[in-house]
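Peer 1: Each chain, written out:
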Amino acid sequence: MSTAIDRFDDKTRGAFGQIGQTEVYEGELLRHRVYTRFLHWMVALFFFLALFTGFGIYMPWLFRWFTPIFGGGPLSREMHPWFGLGFVIFFGLQALNWIKPMTWTAADTKWMVNLRKIIGGQEKMEPPDTGFFNGGQKMQFWEIASGCIVYLITGMILWFGARVFGRWAVAVSYVLHDISALIMLGGIFIHIYLSTIGQSGTFQAMIRGAVSEAWAWTFHPAWYKQVTGRDPVGACEEARRKASAK
Amino acid sequence: MSDRKTLQIKQISGHSGPAAGFDMQRDYEVCKLIDTTICIGCKACEVACVEWNDMPFTPTTFDNTYQTMPSTSYHFWNLIKFNEHQREDGTVQWLMRKDQCMHCADPGCLRACPADGAIVQYTNGIVDFQQENCIGCEFCVSGCPYDIPKFNPATKKVYKCTLCSDRVGQGLEPACIKACPTGCLKFGSKDDMKFIAEERAKQLRENFGFEKAGVYDPQSIGGTHVVYVLHDAENPERYGGLPKNPVIPWSYTVWKWLFKPVLGTFALFGLLGVLLHYVTVGPRRAQPEPPIKERES
Amino acid sequence: MTNGWIDIKNTDMMLIMGGNPAENHPCGFKWPIEAKLHRNAKTIVVDPRLTRTAATADLFLQIRAGSDIAFLGGLIHYAVENNRIAHEYLVNYTNAALIIKDKFKLPDDGLYSGFDPERKTYDKSTWNYEEGGDLTGKPVEPTPAKQYEQPAPHPAAKRAVPAVPPPPALPPKTAFDLSLQHPRCVFQLLKKQYERYTPEMVERITGIPKDQFLKAADMFTSVRKDGDMKKVATIIYAVGWTQHSFGTQIIRTAAMLQLLLGNVGRAGGGVNALRGHSNIQGATDMAGVFDILPGYLKVPTPADTDFAAYLKRITPNPAKPDPWDSFNYWSNTPKFAVSFLKAMYGPSATKENDWAFNYLPKADRNYSWVNLWNEMYEGKVKGLFAFGMNGVMIGPDSQKNIDALKKADWLVVCEIYPDETSEFWRAPGISADEMKKINTTVYRLPGAGFAEKDGTFVNSARWLQWKNVALPPPGQARLDQEILATIFLNVRELYRKEGGKFPDPILNASFAYTNPYNPSLTEMAKEINGKALADLTDPKTSVTIKAGQQLPGFSWLKDDGTTLSGNWLYCGSWTEAGALTQRRGTEDPSGLGIYPNWAWSWPMNRRVLYNRASCDLNGKPWDPSRRQVWWDEAKQSWVGNDIPDFKADSPPKDHMGPFIMNPEGVGRLFVPLGAMADGPFPEYYEPIESPIANVLHPNQSNNPVVKKYKTDADKYGTVDQGYNVICTTYRLTEHYHYWTKNNPMNVQLVPEPFVEVPAELADRMGIRGGEKVKVTSARSHYIAKAMVTRRIRPMKIDGKETFQIGIPIHWGFRGIAEDEDKTAKTLTNQLTPTVIDPNAYTPEFKGFLVKIEKV
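Residue numbers (this note's numbering), protein chains in the order written: chain A, 997 to 1242; chain B, 168 to 464; chain C, 134 to 988.
Just so you know, these hints were derived from the structure itself, not from any lab. Ideal Cβ positions, reconstructed from N, Cα and C, are used throughout, including at glycine. A few of these clues could be false.
To be verified - Here are the computed lysine to aspartate or glutamate pairs in the EDC-like style, where the Cα-Cα straight-line distance is at most 16 Å:
1) B:K353 x C:E893
2) A:K1120 x B:E456
3) C:K324 x C:D256
4) A:K1238 x A:E1209
5) B:K345 x B:D358
6) C:K955 x B:D333
7) C:K933 x C:E893
8) C:K445 x C:E167
9) C:K841 x C:E626
10) A:K1238 x B:D230
11) C:K905 x B:D230
12) A:K1242 x B:E456
Said to hold, decoys possible - Here's a subset of chain A near chain B, in silico, CB distances under 8 Å, partners left out:
13) W1057
14) F1059
15) V1146
16) L1148
17) W1164
18) S1191
19) G1194
20) G1225
21) A1235
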């Protein structure tokens, strides 16, 4: 099974690599390949389309200004499940793509315990065993993955409605769907923050696909070590020395 | 009591503030009385409804019944449901019940509806859909214990019986009432209709041998503005699935009026949190950072 | 209706049978409902299937279609046995006490006295009263038979109908026994006649279990429990009773039951026919039937060689117990007839020419509906005008009607839709080659719909109600009167130019309308009411009516040519005061629903006929809470909330009978002489196609005077041939005959034809709801989807399990569903047999035999 997924991922990664390209300059590392970046932005696009149309359904009195963008309330409502479906499908592909790096490890548990220090800014560097993704990223990934399952089930019930599934199923799904959306919404604020202004140098990973080596040894030391074979702390100290030498 | 039956709004679906016009004018609750014991299933009410509301004719198919179609539709709001009930002694009772919006005092559709002003309840009890505000989410469909709101795939909005609010607002009776040839449909104040219905049920019990005759005005949803006289009030399900104790899913109430705003606020806390993080702790940077020049303390 | 729609609200008990008012008269059904709501009135519904009427009933009995007389006879038996009868009413207001001739024989073997098996007719001379005086308490002696006054046979009449002797007349002074003990008094004969109709017999014939029958009998007759006269029961029926080969006798049985219970003439009582069209009552009043002229004057026969002979035949003499009085209102027949002829022929009708009596066509044979088609089928009738009816659909045996039209030279159809009659030539099954061989020329005229015409509807309650035009006829459509007048005037022009065998009736017909090519119905209505042709003065009141003025009522009609009236019954509907038919007064001072100022009811705005019978012998209402009319001693006159249907100044002591149209003045439990073709009492006969032989007299199963038709199209099925299911036909509330199938709204409500099949029969045949079934009779077949239902139950007929099915009549081969190929395009009436009731000539549409199979 996993080999089949691997083969599929490898093939598509290869195909996308031929369509697009990723340029890695001196002092940089390849972070996200074209395929990954494509999937990410498709997920993001559908997420926001579903989110904004969803807002129009969730609280029309507050968000009714969104709905004209999509052609009015009923059309927003009509398109919302399709957007949602797009989100789930692209995220599903991303999940296949990322299933290995997102696998939870003991280091992630440790990372989570250490979370307060990272949020508080006391730890400038990530713990040395932080790999390609840290525990927080993985947690969000799995939150979205489980959220997608909830969306899919409750969304289908809401889509086909009380006539097919009965009014109680709809009434319960309605709540679960909304809760799932709210959790994801909360998460997405953090995700955007950390990938843009909250953690400089991150954004380009999903734009150009490459990150600086400094970024890599700071935030994903284990990954740095894995791809470069060098000690991240050592590399950092060396860079500091060079900088102060200037 | 004023004779005017103007449509003063009592409740508005998905509305954030107080309903405009609420409690501005004295009004009384209206009610439709349907006496199933003298309904002859003539379908005059069906035709009157289609004609008054100018709805199109739809092709139907034979379905082993006298019933026009299986259930009400977005352009057929008034349907007599025909049911054959075999009594214990083998005799058959042919039950006919005019099915339409019940105009609940506590309307499940309105509870479920998220759209601002798509469903309004007037102080006279009429629950009316305002299609210009409807977003077609169909939550009302699941909120309704009577399977009344129906989605029109063409307009992508939901429709149902309005109790002819357009007529009632002008002091007229609903079209179905006007068309009923036997008087099994009556229209008036809730108090009057309830009185007539109870009297009739008493008559059925005392003079016609229907010991279980009674009035259907379910208190589980605060009563309805359409009440039935039934031969057997203990088994309303026989009349084409009239629920004995209609309920509105609790999730709508709990979710919509409590957790929805609260949790929505929590989601916003995510935004607030990252903002505070940025201005207090500040962003993380790749190491080594430039040397610190000064630190506020 | 003896009473009226609204009057039903006054009843305490309803027997609804042979009718389905909730479905076919939903608006009128509000009045039975009113009675339920406000009087706790009980309803008994007896029908072959559980209808929407039955759904509201207190007691529903499923009866075998066609066995109604057995049920009603059983009720009579029960009422008599249990003394649930109105004794004083019976003795004084009915012919119960009158004594019948010695030779009269009850039909123990299925035949009354005087049957001629060869001609299948009765010699009815023994069906007559005995002459004599008061025999109360006197010993019984056989009285010698005597022939009473007979009109002298005219030589010409003898030539025309040589074999029929002129009918005997009623004796002027009938013998009677007020103790009702005389063995030949009507009451004893009736008792004997219905002795055989025991609850067990009712169960065997009708399939109604004995206990249910007894429950119904007890319930219905409970209005006369312990001799109480206050309560009233009504009987409501429709074509479920008339459409049998003994239909008239079913209604007679009901009338007898009501007379026994003293329910006729009373508010909330009566025998109430619900008419199947908005204006069928008007059609009958205005001679829509071949053997009557307007106002139920009889159509002349070839034996009526002159006006005097005609009048002698149709004007009855009083025939009653000597001490009693009889109004015998038909003694005024000459006034009605002359006034009618003056309306027909105007100045051409003079005393010298017998008021142009010889202009009237003489009916030499039966020209009833089925006979017309039969004669067309035999090639004798060459053309047909079809206005406001769809002859192919109506049937019976629609295929025979289609084949008959193929043989006609021409057909004129005036309709608002293309219908099956005008398109008979493309009925399913006719190939292109066959179609080419049909030489009938069809003319289709665009008629106007009912809402596009003014004029009156006469409802079942005999109200003439004027209606206004709602909208003009569309396109080229024309009003009926414009089409008919144009045809008439053109035909008259042809007669004027070309002469003809007998042009006078056409040339001299009165047609003096302002616009003869499109006469206004106002002028028509005024002419039908009638006017004075000379100054008239009432000697009693000295009131004078000037020549040319509208007559205020039929009491003003004269037999000297000084009055004109198109229909004496309608005289008083459009007086000098204007059109009373247009009145819309909603006052009802008595609360009895009389509404005297709403429209106008014949005769003379009386709302309940025979209302004298609502009072006891002294002229006091039986029920003081329902006071219709009463005798006012101070005024020496009958007064009341309704117009007294009686001679206003006849005091109760004169003992004038309340049934003023009968020469006896009393209600007829026994019908003397020739008024009924098949017996003075109703006897139960099986329908022509029946699953069993008559249990009462297996050797005389069917109505003996009913004749089967003899063409190759006329086939009659038997159980032995496999036709073992009883079939009945009916209308649905959602459709109106054969034209609402063109209206999308009605089609939406019930889109397709169907056959109602009992669930047990369906199980046995493996038929599921919605599957197509084929119903076959000896004549043809019908294909539609099955409606499998528990509303028709299997029944035991004479111990044998028997099933009934039902088919609505509405679908044909033209209409919305038909044009979209959604139906099998078979016609219900292709199944029905051509056989008719001998009195009213109504076909037996109900209760024939079929077999059913899955398609």
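Peer 1: For every hint, state whether the structure bears it out.
Peer 2: Hints versus structure:
1. About 39 Å separates the Cα atoms of B:K353 and C:E893, which puts this hinted pair outside 16 Å; it is violated.
2. Taken as a hint, the A:K1120 and B:E456 pair is honoured in the structure, with Cα atoms around 9 Å apart against an allowance of 16 Å.
3. The straight-line distance between the Cα atoms of C:K324 and C:D256 is roughly 24 Å, outside the 16 Å bound, and the hint therefore fails.
4. For the proposed pair A:K1238 and A:E1209, the alpha carbon gap of about 14 Å is at most 16 Å, so the pair holds.
5. About 20 Å separates the Cα atoms of B:K345 and B:D358, which puts this hinted pair outside 16 Å; it is violated.
6. Distance restraint check for C:K955 and B:D333: the Cα-Cα separation of roughly 38 Å exceeds the 16 Å cut-off, and the hinted pair is therefore not satisfied.
7. The suggested pairing of C:K933 with C:E893 holds, with an alpha-carbon distance near 15 Å, which does not exceed 16 Å.
8. At roughly 47 Å between alpha-carbon atoms, C:K445 and C:E167 are farther apart than 16 Å, so this suggested pair is violated.
9. At most 16 Å may separate the alpha-carbon atoms for a hinted pair to count; C:K841 and C:E626 exceed this at roughly 42 Å.
10. Our distance criterion of 16 Å between C-alpha atoms is broken by A:K1238 and B:D230, whose separation comes to about 87 Å.
11. A distance of roughly 12 Å separates the Cα atoms of C:K905 and B:D230; the hinted pair therefore holds under the 16 Å criterion.
12. Among the hinted pairs, A:K1242 with B:E456 is consistent with the structure: their alpha-carbon atoms are about 14 Å apart, no more than 16 Å.
13. Interface hint status for A:W1057: upheld, as the beta-carbon distance to the closest one in chain B is roughly 4 Å, under 8 Å.
14. Annotation: A:F1059 was flagged as interfacial toward chain B, and the flag is violated, the nearest CB pair being 10 Å apart, outside 8 Å.
15. Evaluation of the A:V1146 hint against chain B yields a violated restraint, the C-beta minimum of about 15 Å exceeding 8 Å.
16. Given the 8 Å rule on beta carbons, the hint for A:L1148 is violated: about 18 Å separates it from the nearest Cβ of chain B.
17. The restraint placing A:W1164 at the interface with chain B holds, with a minimum CB-CB distance near 6 Å, inside the 8 Å limit.
18. A cut of 8 Å between beta carbons decides the hint on A:S1191: the least distance to chain B is about 11 Å, and the hint is violated.
19. At its closest, the beta carbon of A:G1194 sits 5 Å from a beta carbon of chain B; the interface hint therefore holds under the 8 Å criterion.
20. The interface hint given for A:G1225 is violated, since its Cβ lies 19 Å from the closest Cβ of chain B, which is over the 8 Å cut-off.
21. Given hint, A:A1235 at the interface with chain B, holds; its Cβ is 5 Å from that chain's nearest Cβ, closer than 8 Å.
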